[in-house]
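Participant: Each chain, written out:
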Amino acid sequence: MTLTFIAIACTAALVYNRLVPDRWRGWMLMGASIVAIYALQPFTAIRQLDFVLPTFTLVLTIACWLFTRAAGPFAQDDYAALLFTVVLVLAVSATRYLVPELRLTSRPPETPLVALALILTAGGIVLLWRTPYLAHDRLSIAMLMLIALLVMIKYEPLTIGLSSVLRSWRGQDVTLAASTDWSWLGFSYVAFRLIHTLRDRQTGQLPPVSLREYVTYVIFFPAYTAGPIDRAERFAIDYRALPALTAARLTEGLGRIVVGIMKKFVLADTLALLSLDATRAAQVTSAGGLWLLLYVYAFRLFFDFSGYTDIAIGIGILYGVQLPENFDRPYLRNNIAAFWQSWHMTLSGWVRFYIFSPLSRWLLSKPKRPPLILILLIGHLTTMIVIGLWHGISGPFVLWGAWHGLGLFVHKVWSDRTRKAYLRLRQRPRLRQAWTVLGVALTFHFVLLGWVWFALPDLESALSVFRRLFGL
Amino acid sequence: MDETTIREQLRAYITRDLIRDESYPLTDDEGIITGGLMDSFSLAELAVYIDKTFGVYIPDTDLTVARMDTLDQIVARVTQV
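Quick mapping for you: the protein sequence lines, in order, are chains A and B.
178 is the number of the first residue of the first sequence in the working numbering; add one for each residue after it.
8 is the number of the first residue of the second sequence in the working numbering; add one for each residue after it.
So that you can see chain A by itself, here it is in the shape it has in the complex (with noise of 0.2 Å):
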């Protein structure tokens, strides 16, 4: 998100509020949303990627409401929103034979090209919804999917592998093939916003949601390079009854947006300077600069996230959704637990939901039931492997979550163990006080040192790294 498209996006919402009607603002927040995912997407390599991947996630996207959604009628609003979906894509393909300083991406394919395909892509998806034999496991199908397209982009040897396949497709250099020709903007966000709709539907869980309503959700562009991940059903409560912007909205969305610009653009890019990475690593001769670096690093992380998510939320106030918080003072938690209460809050909510709490609750009511300490530790580093993994297939992230995940089995073991004490500690606030302040330093200083598997790019490097970190 660049400082230009925040000004955009806060002139808009003057005009948005100002001008369009209560009974349109919804068909504008979409209708903005699918403009801006063109927009935000960055300009690949391969020839008109740029345009077919944003293109994808819509159709991802209509597939996945029109798999979730009850038995029953389509609605008017349904078929006007796919109707005005259709017409947005169309029109930003028509760019192509504009002049490339009003097109949204690089040049796009021909109009009729791109009709054909989405007739053709539309005939694929009615056939697999009316597909009877598919109607089972149609829910699950397009969850693997959507895992499947997940490892595909963040796997490197498969992303560069499908760069090869996809030049040599379009008579590109196969030699420049890379992992960064595949960067799908905002696809880790979109197929966890999609999994949790088609696990709740799954589950019985997902009330009605209309196209219109469903298609705003995953792609709402002020959440959609780095979240926050909402959730369809709170996003919905929003959408439907967009308020008229007062004066006290304004003020707290715009300072929101100071605040988040102040820490991502001032704060964090400042400290990129001094921040830890491969180079700087090896440029370092002394374990004092080293730590300085990491200290450095966890800040500049903290501020820019957390920076891009106050954007976010205050972008979302001015247009009337109040996006979910992703940040709670992370650093001064004084357990790993409480950390990741605190830290991308909607992510670590999104994994307890879909895969802590499930697995957990699997395992625990097997006739042959593991060791509850066993459940414990598989619960906590599948989960935080998976947070990991996330981020990145390679080993670092891997490491990393691994990291967390045993940080947090160790936790909860050493809590069980002395929550007896602890509750005495009750009765004597200074000691508990000082018991605070030694568990926030202990937590701090154990998320750091996780975040040089995070920072460093080969495991050679961040082992490395932890070796000298202590004279070694």
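It is worth saying that the hints were derived from the structure and are not from the lab.
Treat the hints with caution; some may be incorrect.
[As the list claims (entries may be wrong)] Chain A regions said to be covered by chain B (calculated; three or more residues, Cβ under 8 Å):
no.	segment
1	377–391
2	527–539
3	590–598
[Stated by the list, open to error] Short derived list, chain B residues pointing at chain A, Cβ under 8 Å:
no.	residue
4	Glu10
5	Asp46
6	Asp79
[Claimed, not checked] Sample of chain A residues facing chain B (criterion: CB under 10 Å; computed from the structure):
no.	residue
7	Arg408
8	Ser452
9	Ala455
10	Thr456
11	Gln460
12	Asn512
13	Ala514
14	Pro548
15	Leu549
16	Ile552
17	Leu553
18	Thr559
The structure presented is a predicted model; accordingly, all values stated were derived computationally and were not measured.
For glycine and all other residues, C-beta sits at the position ideal for the given N, C-alpha and C.
Since the structure of chain A is already known, use the hints to place chain B on it.
Facilitator: Structure of chain B alone, referenced to chain A:
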């Protein structure tokens, strides 16, 4: 099963198996999770217990601090079905 029986069974289970201190005086409106007495794994254990004992399935998305923090909230969730 009446509400009082459900409440007392839940109170006994939570103090014995989750807080692991049967003498703990757990009150009806005390924050069990926010007070540091239970965590997300305990919530999963509690959900399995409620399913087996009362035949009430609580979805994973309901196992949150906002909905299951006090004994009052847990009893309300069990008896609402």
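Participant: Run every hint past the structure and note whether it holds.
Facilitator: Structure-based check of all given hints:
Counting residues of the segment 377–391 of chain A whose beta-carbon sits less than 8 Å from any beta-carbon of chain B gives 3, enough to reach three: the coverage restraint holds. Coverage of the segment 527–539 of chain A by chain B holds in this model, with 8 residues showing a Cβ closer than 8 Å to a Cβ of that chain against a need of three. By the rule of at least three residues with a Cβ nearer than 8 Å to a Cβ of chain B, the coverage given for the segment 590–598 of chain A holds, with 4 such residues. Hint status for Glu10 (chain B): violated, given a least beta-carbon distance of 25 Å to chain A, over 8 Å.
The interface hint given for Asp46 (chain B) is met, as the beta carbon of that residue sits about 6 Å from the closest beta carbon of chain A, less than 8 Å. A least Cβ separation of about 21 Å between Asp79 (chain B) and chain A goes past the 8 Å threshold, and the interface hint is therefore violated. Because the beta carbon of Arg408 (chain A) sits about 8 Å from the nearest beta carbon in chain B, less than 10 Å, this interface hint is met. Annotation: interface hint on Ser452 (chain A) violated; nearest CB of chain B at approximately 32 Å, more than 10 Å.
This hint is violated: Ala455 (chain A) has a C-beta 35 Å from the nearest C-beta of chain B, more than the 10 Å allowed. Interface restraint check: Thr456 (chain A) against chain B, minimum CB-CB distance 39 Å, threshold 10 Å, status violated. Restraint check, Gln460 (chain A) versus chain B: the minimum CB separation of about 42 Å is more than 10 Å; hint violated. The interface hint given for Asn512 (chain A) is met, as the beta carbon of that residue sits about 9 Å from the closest beta carbon of chain B, less than 10 Å.
Restraint check, Ala514 (chain A) versus chain B: the minimum CB separation of about 6 Å is within 10 Å; hint holds. The interface hint given for Pro548 (chain A) is broken, as the beta carbon of that residue sits about 14 Å from the closest beta carbon of chain B, more than 10 Å. This hint holds: Leu549 (chain A) has a C-beta 8 Å from the nearest C-beta of chain B, less than the 10 Å allowed. For Ile552 (chain A), the shortest C-beta to C-beta distance to chain B is roughly 8 Å, which falls under 10 Å, so the interface hint holds.
The beta carbon of Leu553 (chain A) is positioned within 10 Å of a beta carbon in chain B (closest approach about 6 Å), and the interface hint is therefore held. Proximity of Thr559 (chain A) to chain B is violated relative to the hint, the smallest CB-CB distance being about 13 Å (cut-off 10 Å).
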